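Peer 1: All chains should be modelled from the sequences, with the hints used to inform the complete structure.
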Amino acid sequence: MQYLIANLWKLPELTRHTEGCNEAPTSEGDHLMAAACRDCGQYNFPPKAQCRYCGSPRIRTVQLSGDVKPNPGTWVFGATADDPTEKPN
Numbered sequence: 001m002q003y004l005i006a007n008l009w010k011l012p013e014l015t016r017h018t019e020g021c022n023e024a025p026t027s028e029g030d031h032l033m034a035a036a037c038r039d040c041g042q043y044n045f046p047p048k049a050q051c052r053y054c055g056s057p058r059i060r061t062v063q064l065s066g067d068v069k070p071n072p073g074t075w076v077f078g079a080t081a082d083d084p085t086e087k088p089n
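full-length UniProt numbering numbers the first residue of the sequence shown as 1 and each following residue consecutively.
Be careful, since some hints might not be right.
Dumping the calculated SDA-like pairs for lysine to any residue here, alpha-carbon to alpha-carbon at most 20 angstroms [to be verified]: (1) K48 x L64; (2) K48 x A36; (3) K48 x H31; (4) K48 x Q63; (5) K48 x V62; (6) K48 x M33; (7) K48 x A34; (8) K48 x C37; (9) K48 x T61; (10) K48 x L32; (11) K48 x R58; (12) K48 x R60; (13) K48 x R38.
Calculated directly from the structure, the hints in this document are not laboratory data. Quantities reported herein were computed from a predicted structural model and do not represent experimental measurements.
Peer 2: In structure tokens:
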């Protein structure tokens, strides 16, 4: 569990002053991380200690490539009325 706590959440550094800076918002050291389930193969974002699809605790952290642009309009955060079998977060 210590590995998950230390390596699961790799957040960008938010302490630097970016106003008036010519640097891109994401520098070379900042990467978007997700959790990949070793049992069902699904990706979980944001990463959690258990897979939201099958409930397995066997996950690994993966670094998403730089060209990935999350689309918040497609995220599902809980079961809908149409599909009550979907597991909530």
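Peer 1: Does the alpha-carbon distance linking K48 and L32 stay inside the 20 angstroms limit?
Peer 2: Holds. K48 to L32 sits at ~14 angstroms (cutoff 20 angstroms).
Peer 1: Below or equal to 20 angstroms on CA atoms is what counts here, so check K48 against Q63.
Peer 2: 14 angstroms, holds
Peer 1: K48 and M33: Cα distance at most 20 angstroms?
Peer 2: 11 angstroms, holds
Peer 1: Are K48 and A34 close enough, with their CA atoms no more than 20 angstroms apart?
Peer 2: 9 angstroms, holds
Peer 1: Holds or violated: K48 with R60, Cα cutoff 20 angstroms?
Peer 2: 10 angstroms, holds
Peer 1: Is the straight-line distance between the alpha-carbon of K48 and that of T61 20 angstroms or less?
Peer 2: Holds: K48 and T61 sit about 10 angstroms apart, inside 20 angstroms.
Peer 1: Given the hint that K48 pairs with C37, does the C-alpha gap stay at or below 20 angstroms?
Peer 2: 10 angstroms, holds
Peer 1: What's the verdict on K48 and H31, does the C-alpha distance respect the 20 angstroms limit or exceed it?
Peer 2: 17 angstroms, holds
Peer 1: Does R58 lie within 20 angstroms of K48 when you go C-alpha to C-alpha?
Peer 2: 11 angstroms, holds
Peer 1: Given the hinted pair K48 and V62, is their alpha-carbon gap at most 20 angstroms?
Peer 2: Between K48 and V62 the Cα gap is close to 12 angstroms, so the pair holds against 20 angstroms.
Peer 1: Decide if the proposed pair is consistent with the structure: K48 and L64, CA atoms, cutoff 20 angstroms inclusive.
Peer 2: 15 angstroms, holds
Peer 1: Can the restraint linking K48 and A36 be considered satisfied, given a maximum Cα separation of 20 angstroms?
Peer 2: 10 angstroms, holds
Hint violations for this structure: none, all hints satisfied.
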